[in-house]
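Colleague: Spelled out from the first residue to the last, the chains are:
Number of protein chains: 2
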Amino acid sequence: MPDGRVVATTDLLVEDQHFRLDWSAAADVGVKAAAQNLADVAAMGAEPRTLLVGLACPAGLAVSWVLQMIGGMAAECRRAGASIAGGDVTAAPCVMLAITALGELAGGRPVTRAGARPGDVVALAGQVGASAAGLALLRAGKATRADAGEYGAGESGASECGAGECGAGESDGSEYSASDLGRLVAAHLRPQPPYPAGPAAAASATAMIDVSDGLLQDLGHIAAASGVAIDVATAALPCGEPTRAAASLLGVAWQDWALTGGEDHALAATFPAGSAPPDGWRVIGNVREGDGVLVDGERRAAGGGWEHFR
Amino acid sequence: MPDGRVVATTDLLVEDQHFRLDWSAAADVGVKAAAQNLADVAAMGAEPRTLLVGLACPAGLAVSWVLQMIGGMAAECRRAGASIAGGDVTAAPCVMLAITALGELAGGRPVTRAGARPGDVVALAGQVGASAAGLALLRAGKATRADAGEYGAGESGASECGAGECGAGESDGSEYSASDLGRLVAAHLRPQPPYPAGPAAAASATAMIDVSDGLLQDLGHIAAASGVAIDVATAALPCGEPTRAAASLLGVAWQDWALTGGEDHALAATFPAGSAPPDGWRVIGNVREGDGVLVDGERRAAGGGWEHFR
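Top line first, the protein sequences correspond to chains A and B. In terms of this note's numbering, the first sequence has 105 at position 105, counting the first letter as 1, and numbering is strictly consecutive. In terms of this note's numbering, the second sequence has 11 at position 11, counting the first letter as 1, and numbering is strictly consecutive.
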């Protein structure tokens with residue numbers, strides 16, 4: 001950590017709480033566990049450098065599962081420019097992963113949740129809704145993890161769209177297709193956060209967060225920490241056509257997935273009014289005096305987003 | 001981390017695997033979880049600075065348990081000169097703690113397991129056997145956690161002896177007493193690693209480790225990593241009279257506890273022959289050509305020490 005500071009974050013993933021062994025291949029679990037922690041480092045404006053991995057599992061868990069899980073984790077680390085430095089293994093009644101990610105600021109400043117000011121714009125890097133769509137398809141039996149393909153096979157296409165590459169209203173008029181559904185399932189099983197967008201925003205962002213529990217809930221953390229209100233424009237949300245088509249298929253509103261679905265691990269940040277957000281960032285709203293999160297100017301009822309103890 | 005380097009370690013503690021809710025008060029669990037990670041930092045020759053704490057638990061766990069657990073953890077951090085920086089909370093079928101400790105080298109060099117050379121002496125800071133004695137007393141019903149007293153009440157006396165303060169052969173001839181048994185239970189429930197001994201050894205130690213899985217097993221890690229044999233002299237082991245008395249009470253050999261009992265979190269290190277180990281360190285053996293760990297010059301059969309999956 002050449003500049004003498006270290007960004008550190010830790011997260012737990014518990015079987016049947018954060019992943020299901022029948023829905024997620026071992027490599028998927030590794031990718032997801034790495035991605036959510038590496039994204040937290042990027043959301044501070046830092047470059048991810050290393051992971052520590054704690055694995056608790058029943059004695060009967062196959063070693064092959066562990067090796068494939070770590071393989072997925074290592075691959076996602078490589079995608080982020082990080083590596084796995086060490087960890088711990090112990091017995092437990094269920095599979096649990098405890099990941100700590102360390103990152104470096106490389107001379108930049110850490111971006112917290114607390115700096116948003118009225119007049120700032122709110123911007124997003126990455127996508128929202130695709131992970132929730134994939135989860136809903138799995139729950140409804142409309143797709144299986146096999147539809148998501150294998151990890152490493154054309155992985156660059158696993159994410160519905162890259163940071164800034166797709167957005168609202170880009171429908172080409174096609175109906176949903178099996179491969180679209182598979183890409184949504186892949187987005188749920190193997191989220192691909194836009195890591196470089198974090199350090200890229202560090203120079204100008206006033207606040208930043210990783211969208212892991214749902215856009216409204218996570219923007220709410222910025223609003224609360226900064227003492228401001230945030231207004232999100234649904235028409236501006238980068239929620240792709242496959243997600244909208246899947247919502248039609250299941251008879252739900254895509255906006256619900258985009259606003260309250262977790263685990264896409266997009267990055268959300270606020271930038272001073274008048275400064276163009278960096279490449280890869282799309283403006284989705286603005287910051288006002290007040291408190292809480294508004295959608296298209298209206299206050300949402302409480303609820304939505306991931307609740308850890310329900 | 002002013003010198004640009006960070007020492008990082010992570011450990012998992014699982015209910016019924018590493019602690020029992022009926023044997024350990026909440027504060028005890030916090031002390032133990034902090035101590036084992038902070039000791040790992042000290043065993044690299046670094047000064048502990050901060051913990052990240054992941055807590056997975058059933059939704060029904062009392063908030064008061066969590067607050068007391070964190071209270072114990074924070075107190076042990078203060079004892080080590082560290083603090084708790086953050087963490088994560090999630091639901092799980094049992095209580096699991098995932099601790100990451102970060103430390104700084106303050107310009108010194110990291111001490112690994114790999115530098116021991118034939119001719120070095122082996123030394124220990126802290127005690128061995130007391131934690132195993134306390135555990136055996138609990139298992140045998142000869143003592144309860146109530147005998148260990150409450151955390152914070154005369155805590156400085158909870159450890160059987162401090163680094164370098166007691167050792168083999170210091171018997172005063174007394175029989176075991178209830179308070180001695182209580183001190184052994186306290187040593188099991190709330191280990192007190194000799195943190196400053198780690199950085200104090202960094203300038204001269206050739207290898208170092210924290211004794212968490214049993215002295216023989218952990219010295220075996222040094223022997224394997226360094227490509228040497230280590231010979232331990234049982235007569236030199238810092239195993240106090242209360243531990244020996246408890247062994248007599250239960251009809252077992254105190255040497256077994258001292259050699260294979262885990263969780264005292266003493267520090268073991270090797271130093272060049274002819275250089276006196278720093279204050280707080282007691283010579284307990286020497287390094288030879290060869291491999292493995294010998295006891296009083298004889299090779300021990302495999303086995304002993306903590307097995308994570310049995």
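One or more hints might be untrue.
[Said to hold, decoys possible] Coverage of chain B stretches by chain A, computed from C-beta distances (three or more under 8 Å per stretch; other residues unrestricted):
| no. | stretch |
| --- | --- |
| 1 | 4–11 |
| 2 | 105–115 |
| 3 | 219–233 |
| 4 | 244–257 |
[To be verified] Part of the chain B face toward chain A, derived, beta carbon under 8 Å:
| no. | residue |
| --- | --- |
| 5 | Met1 |
| 6 | Leu52 |
| 7 | Thr90 |
| 8 | Ala91 |
| 9 | Gly292 |
[Unchecked claim] Simulated restraints on C-beta separations:
| no. | chain 1 | residue 1 | chain 2 | residue 2 | range |
| --- | --- | --- | --- | --- | --- |
| 10 | B | Val252 | A | Glu150 | 50 to 56 Å |
| 11 | A | Gly71 | B | Ala224 | 46 to 52 Å |
| 12 | A | Ile84 | B | Ala224 | 39 to 45 Å |
| 13 | B | Pro118 | A | Gly71 | 36 to 42 Å |
| 14 | A | Gly141 | B | Arg109 | 57 to 63 Å |
| 15 | A | Gly141 | B | Asp22 | 39 to 45 Å |
| 16 | B | Gly141 | A | Gly141 | 51 to 57 Å |
| 17 | A | Ala85 | B | Asp22 | 35 to 41 Å |
Everything labelled a hint here was simulated from the structure, so no lab data went into it. C-beta atoms are modelled at their ideal positions from N, C-alpha and C, and glycine is treated no differently.
Colleague: Now, for every hint given, state plainly whether the structure supports it.
Modeller: Each hint tested on the structure:
Residue count for the stretch 4–11 of chain B with a Cβ under 8 Å from a Cβ of chain A: 7. That meets the three needed, and the coverage hint holds. Coverage of the stretch 105–115 of chain B by chain A is violated [criterion: at least 3 residues with CB-CB distance below 8 Å; count 0]. Check on the stretch 219–233 of chain B: 0 of its residues sit with their Cβ under 8 Å from a Cβ of chain A, so the three-residue criterion for coverage is violated. Counting residues of the stretch 244–257 of chain B whose C-beta lies closer than 8 Å to any C-beta of chain A gives 0; at least three are required, and the coverage claim is violated.
The beta carbon of B:Met1 comes within 5 Å of a beta carbon in chain A, closer than 8 Å, and the hint placing it at the interface holds. Satisfaction of the interface hint for B:Leu52 is found here, the shortest Cβ-Cβ separation to chain A being roughly 4 Å, below the 8 Å cut-off. Nearest Cβ of chain A to the Cβ of B:Thr90: about 5 Å, under the 8 Å cut. The hint holds. For B:Ala91, the suggested interface contact is upheld, since its CB lies about 5 Å from the closest CB of chain A, less than 8 Å.
Proximity of B:Gly292 to chain A is violated relative to the hint, the smallest CB-CB distance being about 23 Å (cut-off 8 Å). Checked against the hint of 50 to 56 Å, the C-beta distance between B:Val252 and A:Glu150 comes to roughly 54 Å, which is consistent with it. Distance hint for A:Gly71 and B:Ala224: a CB-CB separation of about 26 Å, inconsistent with the stated range 46 to 52 Å. In this structure, A:Ile84 and B:Ala224 break the distance hint of 39 to 45 Å, their C-beta atoms being roughly 22 Å apart.
Hint check: B:Pro118 to A:Gly71, Cβ distance near 39 Å, so the stated range 36 to 42 Å holds. Remark: the range hint 57 to 63 Å for A:Gly141 to B:Arg109 is upheld by a beta-carbon distance near 58 Å. About 43 Å separates the C-beta atoms of A:Gly141 and B:Asp22, a value consistent with the hinted range of 39 to 45 Å. The hinted range of 51 to 57 Å is satisfied by B:Gly141 and A:Gly141, whose Cβ atoms lie roughly 53 Å apart.
With their beta carbons about 36 Å apart, A:Ala85 and B:Asp22 fall inside the hinted range of 35 to 41 Å.
Checked against the numbered hints above, the structure violates hints 2, 3, 4, 9, 11, 12; every other hint is satisfied.
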